[in-house]
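Start from chain F and add chain E according to the hints.
Residues per chain, in single letters:
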Amino acid sequence: MTPVVELDRVGHRFAAKGGAGTTAVADLDLAVRRGEFTTLLGPSGCGKTTTLRMIAGFLRPTSGRILLEGADATRTPPEKRNIGMVFQSYALFPHMTLLDNVGYGLRARKVPAAEARERAGQALELVGLSHAAGRKPAELSGGQQQRVALARAVAIRPSVLLLDEPLSNLDARLRVQMRRELLQVQRETGLTAILVTHDQDEALELSDTMVILNGGRLEQQGAPRDVFPRPASRFVAEFLGYDNFPELPGRGPATIRPEHVRLLPAGEREDGGDTGLDGTVAAVTYQGAGCLVEAGIDGAEGPGSAVRCLHPADDLRPGDRVRIVLPARHLVELPAGEQR
Amino acid sequence: MLRRVPMAALLIPGLAVLLFAFGYPVAATLAWPPDGDPATVARETGSLLTDPYLLPVIARTVRVSVLTTAICLLLGFPVAYLISRAPARWSGRLLVLAIFPLLLNTVVRTYGWIVVLGGNGLISEVSEALGLGRVQLLYTETAIVLGLVQLFLPLMILSCYSSLSQQDRRLEEAARGLGSSPGRAFRTVVLPLATPGALVGCTLVFAGAVTAFTTPQLLGGTRERLLSTLLYSRVNVSLDWPSASAIALVMTALVLAVSALSGRLGKIGSTSS
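Going down the list, the sequences are from chains F and E. With our numbering applied, the first sequence corresponds to residues 1 to 340, in that order. With our numbering applied, the second sequence corresponds to residues 1 to 273, in that order.
It should be emphasised that the hints constitute simulated quantities derived from the structure, not laboratory data. Just so you know, not all the hints are guaranteed correct.
[As the list claims (entries may be wrong)] EDC-like mimics (lysine to aspartate or glutamate), calculated; alpha carbons at most 20 Å apart, straight line:
no.	chain 1	residue 1	chain 2	residue 2
1	E	Lys267	F	Glu125
2	F	Lys136	F	Asp100
3	F	Lys136	F	Glu125
4	F	Lys110	E	Glu128
[As the list claims (entries may be wrong)] Derived Cβ-Cβ restraints for the label pairs, each shown as a range:
no.	chain 1	residue 1	chain 2	residue 2	range
5	F	Gln88	E	Val96	25 to 33 Å
6	E	Val96	F	Pro94	43 to 51 Å
7	F	Arg34	E	Val66	55 to 63 Å
8	F	Thr2	E	Val66	46 to 54 Å
C-beta atoms are modelled at their ideal positions from N, C-alpha and C, and glycine is treated no differently.
Bound-form chain F, shown alone (with noise of 0.2 Å):
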């Protein structure tokens, strides 16, 4: 099946006075099948915005190519493009109501009018501001805004749904709420959809696929069952929350969540196949439901001499002698030469 969207080796270097420019995407090749949800996460800077506004046109690429159902739409403006584009800043229109901001697509698209009605209720209805038809954007709250901005992006029917960061001009709790919402309209209506973002719980709730780029380059792409567990390199396994590098006698790089760390009294054992360190508790900092305990692994140095762990029971101090036990199936190995 041909993909909605696919990237091939695209880049964008935006040009600078007298300079050689900055390189904001290189090579990308990306290909977005139907009906899948598909997030580009990283930190701010890594392209991701760049690489959603190249595929809606409003940049165009300085290499290669971008295909929209199979055809090559490089040189296409926006608005041949069948796109539905969610901003970050929402991008209402002021002077018109809600209905007419739903409908503004179709007018667009020259359905005749009493359809373009029909159509954009049913999109208002989608996201649950029927009854709000008939007022301004400015009277409505974030999260209706957002709604509205969402059901303006439906309405067209759109090849693609190009999401910009969306959720991030939300309280946390609304987003949360807004997250499953975004997901529900999405396979009601089967759209494929492109969401950019730097918040990784989103990602990972949100995504069939997750593209995780940094510096305009693509770092690891899969489902997020795959992701998550087995980060391909330290950027990626830094950016989803591990933060553990510890140096192990004879072995490369690996790295665990501070979650998946075990801490048992000195002088036990480890089960056969995990890794186990003498160390030292160097500092306890209370959470609640438990402790974030860091301990120094004895005779290592740097940066990678002390492993934080999330310790279930508040009953270590600093100075207490430890067993950390690293176990097999959560360790994961990066590929050694990587260092920062």
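Chain E in isolation, oriented as in the chain F frame:
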């Protein structure tokens, strides 16, 4: 945090100055006209509106002001749009360039036009060289409009720019993404949202054009009188104060009518569409 009462108090100094320097003279013109009584001013106003010599002056003033406003809008809006959409490091410089003429004295700028438009001026010489004969643009309505447009264009650019630069640039992109051509996006999103600023600009330019004196005096001469130059000659040449008061009244009414109209248009624009 300031409370409500002290906030309102902030208005007092400004209001006091307005009351003393504007309210009082206007009231005085009506109630105790210099060298005459209110009845004379009323009679003068009445005769002004039927006088076969003065009616054309009123018509010319309105015509010149409307033309000036329209040309300023047509020239100024695109410039303001360009400046508002230029890269940040350019928009500041362009804006300074656009308003630079405001820093020059009106008389100096107007004398420039005399050099260009006069019987021996640039335009006349070019016309003669082309075999079209000499043209005298100076002391015509065209000259006045040219001068006023140059005078007030920066004001229009600034007003339009203030509206345009506040627009979220994503709005245009949203319109494009939803299927609008650049032209349709401009017509349906940029233009309606810029209307309040353009209306303010039109009001300012119109009011300025009605009351401008130096430019029509120097470029229109005694042949093409406007209300402002007529007012001046009634006060300083014929010393006909009641008639001058009447002219001032008509000018004030014109300006108030236009600003009321623009306020009304602004309200319609924000409730409909």
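Hints and how they fare:
{"no.": "1", "hint": "E:Lys267 <-> F:Glu125", "verdict": "violated (31 Å)"}
{"no.": "2", "hint": "F:Lys136 <-> F:Asp100", "verdict": "holds (9 Å)"}
{"no.": "3", "hint": "F:Lys136 <-> F:Glu125", "verdict": "holds (16 Å)"}
{"no.": "4", "hint": "F:Lys110 <-> E:Glu128", "verdict": "violated (54 Å)"}
{"no.": "5", "hint": "F:Gln88 <-> E:Val96: 25 to 33 Å", "verdict": "holds (32 Å)"}
{"no.": "6", "hint": "E:Val96 <-> F:Pro94: 43 to 51 Å", "verdict": "violated (30 Å)"}
{"no.": "7", "hint": "F:Arg34 <-> E:Val66: 55 to 63 Å", "verdict": "holds (58 Å)"}
{"no.": "8", "hint": "F:Thr2 <-> E:Val66: 46 to 54 Å", "verdict": "violated (59 Å)"}
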